[in-house]
Amino acid sequence: MKVLLDTHALIWWFEGSPKLSKRASSVLGNPSNAIFISAVVGWELAIKVQVGKFHTPSLVQDLDGIIQREGFAELGISLEHAVRAGLLPMHHRDPFDRLLVAQAQALNVPIVTADAVFDHYGVQRVW
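Numbering of the sequence shown is given in our numbering, commencing with residue 52 and proceeding in unit increments.
Note that these hints are calculated values from the structure, not bench results.
Where hints are given, some of them may not hold.
Claimed, not checked - Simulated pairs of lysine-lysine, BS3-like, Cα-Cα distance not exceeding 30 angstroms:
| no. | residue 1 | residue 2 |
| --- | --- | --- |
| 1 | K70 | K104 |
| 2 | K53 | K70 |
| 3 | K73 | K53 |
| 4 | K104 | K73 |
| 5 | K99 | K70 |
| 6 | K99 | K73 |
| 7 | K53 | K99 |
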């Protein structure tokens, strides 16, 4: 199974938080699954550290290493992803989440997220 990880799901996985659903934990912990981490997640995490909304800068500083150690894969942002995100209906205004929706649509993969607003965009959600 291929999935795209939302920012909060990555944080909760990294922290071993019980906030991460059992289903999401199972998907992320299965080595046969391909877990994609979008560049937009790194951008969002860095901004959250900068403005004081996220207090684990080590996740941001070692994001590349963490992705490699976990066996996850980086997903870059293409022009197609950017245009898709800009053309999405305005069900959700968060630019980071809109970009994740666009990437999930382009790759035809589900998103691991607790955020039900993704359901408005017709992408499958793992939670």
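**Report entry** Index of numbered hints that the structure contradicts, given in increasing order
**Finding:** none
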